[in-house]
Amino acid sequence: GENVEQHPSTLSVQEGDSAVIKCTYSDSASNYFPWYKQELGKRPQLIIDIRSNVGEKKDQRIAVTLNKTAKHFSLHITETQPEDSAVYFCAAWRQAGTALIFGKGTTLSVSS
Amino acid sequence: NAGVTQTPKFRILKIGQSMTLQCTQDMNHNYMYWYRQDPGMGLKLIYYSVGAGITDKGEVPNGYNVSRSTTEDFPLRLELAAPSQTSVYFCASSHSDRPYGYTFGSGTRLTVV
Numbered sequence: 001g002e003n004v005e006q007h008p009s010t011l012s013v014q015e016g017d018s019a020v021i022k023c024t025y026s027d028s029a030s031n032y033f034p035w036y037k038q039e040l041g042k043r044p045q046l047i048i049d050i051r052s053n054v055g056e057k058k059d060q061r062i063a064v065t066l067n068k069t070a071k072h073f074s075l076h077i078t079e080t081q082p083e084d085s086a087v088y089f090c091a092a093w094r095q096a097g098t099a100l101i102f103g104k105g106t107t108l109s110v111s112s
Numbered sequence: 001n002a003g004v005t006q007t008p009k010f011r012i013l014k015i016g017q018s019m020t021l022q023c024t025q026d027m028n029h030n031y032m033y034w035y036r037q038d039p040g041m042g043l044k045l046i047y048y049s050v051g052a053g054i055t056d057k058g059e060v061p062n063g064y065n066v067s068r069s070t071t072e073d074f075p076l077r078l079e080l081a082a083p084s085q086t087s088v089y090f091c092a093s094s095h096s097d098r099p100y101g102y103t104f105g106s107g108t109r110l111t112v113v
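One line per chain: the protein sequences are E and A, in this order.
So the first sequence is numbered by our numbering: it starts at 1 and just counts up by one.
So the second sequence is numbered by our numbering: it starts at 1 and just counts up by one.
Since the hints were derived computationally from the structure, they do not count as laboratory data.
Cβ atoms here follow ideal geometry from the backbone N, Cα and C, with glycine treated the same way.
Be aware that a few hints might be false.
[What the hints assert, rightly or not] Here chain A is said to cover these stretches of chain E; the calculated rule only asks that three of the stretch's residues, wherever they fall, bring their Cβ under 8 Å from a Cβ of chain A:
| id | segment |
| --- | --- |
| 1 | 35-49 |
| 2 | 87-93 |
| 3 | 99-109 |
[Said to hold, decoys possible] For lysine-lysine, the following PhoX-like pairs were computed, each having C-alpha atoms within a straight-line distance of at most 25 Å:
| id | chain 1 | residue 1 | chain 2 | residue 2 |
| --- | --- | --- | --- | --- |
| 4 | A | K57 | E | K104 |
| 5 | E | K104 | A | K44 |
| 6 | A | K14 | A | K44 |
| 7 | A | K44 | E | K42 |
| 8 | A | K9 | E | K42 |
| 9 | A | K44 | E | K71 |
[Claimed, not checked] If you anchor each label on the Cβ, the simulated ranges turn out as follows:
| id | chain 1 | residue 1 | chain 2 | residue 2 | range |
| --- | --- | --- | --- | --- | --- |
| 10 | A | F10 | E | Q60 | 34 to 40 Å |
| 11 | E | T10 | A | T111 | 21 to 27 Å |
| 12 | A | Q17 | E | V54 | 44 to 50 Å |
| 13 | A | G63 | E | V20 | 34 to 40 Å |
| 14 | E | T78 | A | T111 | 25 to 31 Å |
The following block holds chain E by itself, in its conformation from the complex:
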C-alpha cells in the first residue's frame, strides 16, 4: 500500500521567512497530493492540492511542487505570518475507491 513520509516534524521560523515542508510517497500510481492545515484544537482543512500531471501550483503565499519521477512533493509558504502556525499534513491519493494516506505532520511555529 501507499506510504507517505513527511519532513521535518517540527519547523520554527521568524515572521517573514519562508518555510518548506517535504513529503515522499511510495506508490507511483498516486495522482493527487493535497495539503491540510490543522490549527490547535481544530479540524484539518484543505489548503491546496496538486495533481500528478502538474509540476507546480500557487495560491497567494503558498505553493506546491511535485517531482513525479522522484516521487516527492513540497509545500512552500512565503512571507510567513504568526497565523500560519499550525500542523501541516501532506497526503497522497491513488484512485477512486480508496482513501487518502497522510504523512505524520509538521508543526510549524512562526515567531514575531
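Dock chain A against the given chain E, drawing on the hints supplied.
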C-alpha cells in the same frame, strides 16, 4: 448546511466498555472515512466507505467496526475498549467528483481508562 457532524465531542470509557462514535454529513457525499490522530503519528485510516452498504478496512482497523446503511451516516463502533484506543477520532467525507478534498468533522476525543 451543517457539513460533517460528530458526536460526542468528548468521552471517557472504562476498559472493556463499548461505544459508538456517530458521524453524519448533509452534503450528499458518497465517500466517508474514519481516522484516528495520535500525537506525532498523523492521521491513520481506520475504515472507509464509498457508498451505502460498502465498507473497507484501512491501515488500523483492529478493534473497530463500521456500518453504512445510509449515505448520510457512518458510525464507528468500539466493542471492547482498550487504552491503546485513546485518541482523537475524525470523521470525514468527500464527493466522488473530488474525492481527495475532504471535509472533516470536529473530532471526538476519547480516553480509555
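Tested hints:
1. As drawn, the segment 35-49 of chain E meets chain A at 7 residues by the rule of a beta-carbon pair under 8 Å; at three or more, the given contact holds.
2. Using a Cβ-Cβ cut-off of 8 Å, 3 residues of the segment 87-93 of chain E lie near chain A, which meets the minimum of three, so the contact claim holds.
3. Residue count for the segment 99-109 of chain E with a Cβ under 8 Å from a Cβ of chain A: 7. That meets the three needed, and the coverage hint holds.
4. Of the supplied pair hints, the one linking K57 of chain A and K104 of chain E holds, its CA atoms being roughly 20 Å apart against a limit of 25 Å.
5. Distance restraint check for K104 of chain E and K44 of chain A: the Cα-Cα separation of roughly 9 Å lies within the 25 Å cut-off, and the hinted pair is therefore satisfied.
6. For the hint linking K14 of chain A to K44 of chain A, the alpha-carbon distance of about 23 Å falls within 25 Å, and the restraint holds.
7. Distance hint between K44 of chain A and K42 of chain E is fulfilled; the C-alpha atoms sit about 17 Å from each other, no more than 25 Å.
8. Only pairs whose Cα atoms come within 25 Å are accepted, and K9 of chain A paired with K42 of chain E is accepted, the gap being roughly 12 Å.
9. Distance check on the hinted pair: K44 of chain A and K71 of chain E sit about 21 Å apart at the alpha-carbon level, within 25 Å; holds.
10. Taking the beta carbon of each, F10 of chain A and Q60 of chain E are about 36 Å apart, inside 34 to 40 Å as hinted.
11. Our hint of 21 to 27 Å for T10 of chain E and T111 of chain A holds, since their Cβ atoms are close to 25 Å apart.
12. Taking the beta carbon of each, Q17 of chain A and V54 of chain E are about 48 Å apart, inside 44 to 50 Å as hinted.
13. At about 37 Å, the beta-carbon gap between G63 of chain A and V20 of chain E stays in the expected band of 34 to 40 Å.
14. Between T78 of chain E and T111 of chain A, the C-beta spacing of about 40 Å breaks the proposed range 25 to 31 Å.
The structure does not agree with numbered hint 14 stated previously, though it agrees with all others.
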